[in-house]
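K.L.:
One line per chain: the protein sequences are A and B, in this order.
In case it helps, our numbering puts the first sequence at residues 5 to 190.
In case it helps, our numbering puts the second sequence at residues 38 to 88.
Among the hints, a few may not be true.
To be verified - Far from chain B, by Cβ distances over 12 angstroms, these chain A residues were calculated:
hint	residue
1	Ala23
2	Leu26
3	Val27
4	Pro41
5	Ser53
6	Arg66
7	Gln87
8	Leu111
9	Ile114
10	Ile120
11	Gly121
As the list claims (entries may be wrong) - Residues from chain A that face chain B, not an exhaustive set, calculated with beta carbons under 8 angstroms:
hint	residue
12	Ala49
13	Ile72
14	Tyr99
15	Leu151
Hint data in this document are derived by calculation from the structure and do not stem from the laboratory.
Model, not experiment: these values are computed from the prediction.
Built from N, CA and C at the ideal position, the CB exists for glycine as well.
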Amino acid sequence: MTLLHARTLNALGLLGCCAILLVAFGCQFALGELPCPLCLLQRAAFAASGVGFALNVRFGPRPSHDGIAILSAIAGAAVAARQVALHIVPGTGGYGATLFGLHFYTLALIAFVALIGAVGVLLLIADRVRPEPLVGRGAGTFGTACLVLFLGVVVANAVSTAAECGTGLCPDDPTRYEALDAWLGR
Amino acid sequence: MMVLPFVGFAGSVAALIAGRRGLAIGLWLAALIGTLALYAVHATSTLNLAF
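Chain A extracted, bound-state conformation:
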């Protein structure tokens, strides 16, 4: 495997994080369901995991970058597992819509575990990465596009969260964009 291959695999991992955040974002606006505080923390953990992939794309694969992705995914899995536990008692219902029959926090837990597994595979094959003189230190066109997309998705989440919660803590059961309504005087 060449350095270019390793960077491409990490760019695909970064695209996966972007896709997860975009699907959650799409459901937020299409279904009008505001994310709860634990949902927002899971989104933040996906963004944190993406930073590990992004570092690999920008600076080349290093074990420390993979450690960033794994630690972030463990934090996200803890939050998702906590939310699954909140709704695991029969009769307590779930929070939000479902996708493929599973609530988003359940899917998030599966995704975080899968992400840790994927990074494990990347670490296994990282030993075999050989330097390629033709590849520069930059991320390349595809890598740069992925980095810019990821930055845009994270900034969009920041704006959405600010509109929902403002500068304080988010309500446990959000029903409207409180801060945005306050700013607009509604």
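Here the structure of chain A is known, so what remains is to put chain B in place on it, guided by the hints.
P.N.:
Chain B only, in chain A's frame:
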């Protein structure tokens, strides 16, 4: 307050795009600690169960 982790991670991505690896990792660490602190606040919220 919940927006702070996203701001931190966005700053981290911006820093790594600009080639500032150390700053990117520092911002990631600060934002992750903030995320865990907010998790500690919300993980102990009272659960309203109806049987």
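K.L.:
Next, verify each hint and record whether it holds.
P.N.:
Each hint, compared with the structure:
1. Ala23: Holds, since 16 angstroms exceeds 12 angstroms.
2. Leu26: With a cut-off of 12 angstroms, Leu26(A) remains clear of chain B, as the shortest Cβ separation is near 15 angstroms.
3. Val27: holds, 17 angstroms
4. Pro41: Violated: least Cβ distance 4 angstroms, not greater than 12 angstroms.
5. Ser53: Incorrect as stated: the minimum Cβ-Cβ distance to chain B is 10 angstroms, not above 12 angstroms.
6. Arg66: violated, 10 angstroms
7. Gln87: Non-interface label fails for Gln87(A): nearest chain B Cβ at 9 angstroms, not farther than 12 angstroms.
8. Leu111: holds, 19 angstroms
9. Ile114: The claim stands: Ile114(A) keeps its Cβ more than 12 angstroms from every Cβ of chain B (closest is about 19 angstroms).
10. Ile120: Since the minimum Cβ distance to chain B is about 15 angstroms, Ile120(A) lies beyond 12 angstroms and the statement holds.
11. Gly121: At roughly 20 angstroms from the nearest Cβ of chain B, Gly121(A) sits farther out than 12 angstroms, so the non-interface label holds.
12. Ala49: holds, 7 angstroms
13. Ile72: Nearest chain B Cβ about 6 angstroms off; hint holds.
14. Tyr99: violated, 11 angstroms
15. Leu151: Result: holds, 5 angstroms to nearest chain B Cβ.
Going down the numbered hints, you'll see the structure goes against 4, 5, 6, 7 and 14, while the others check out.
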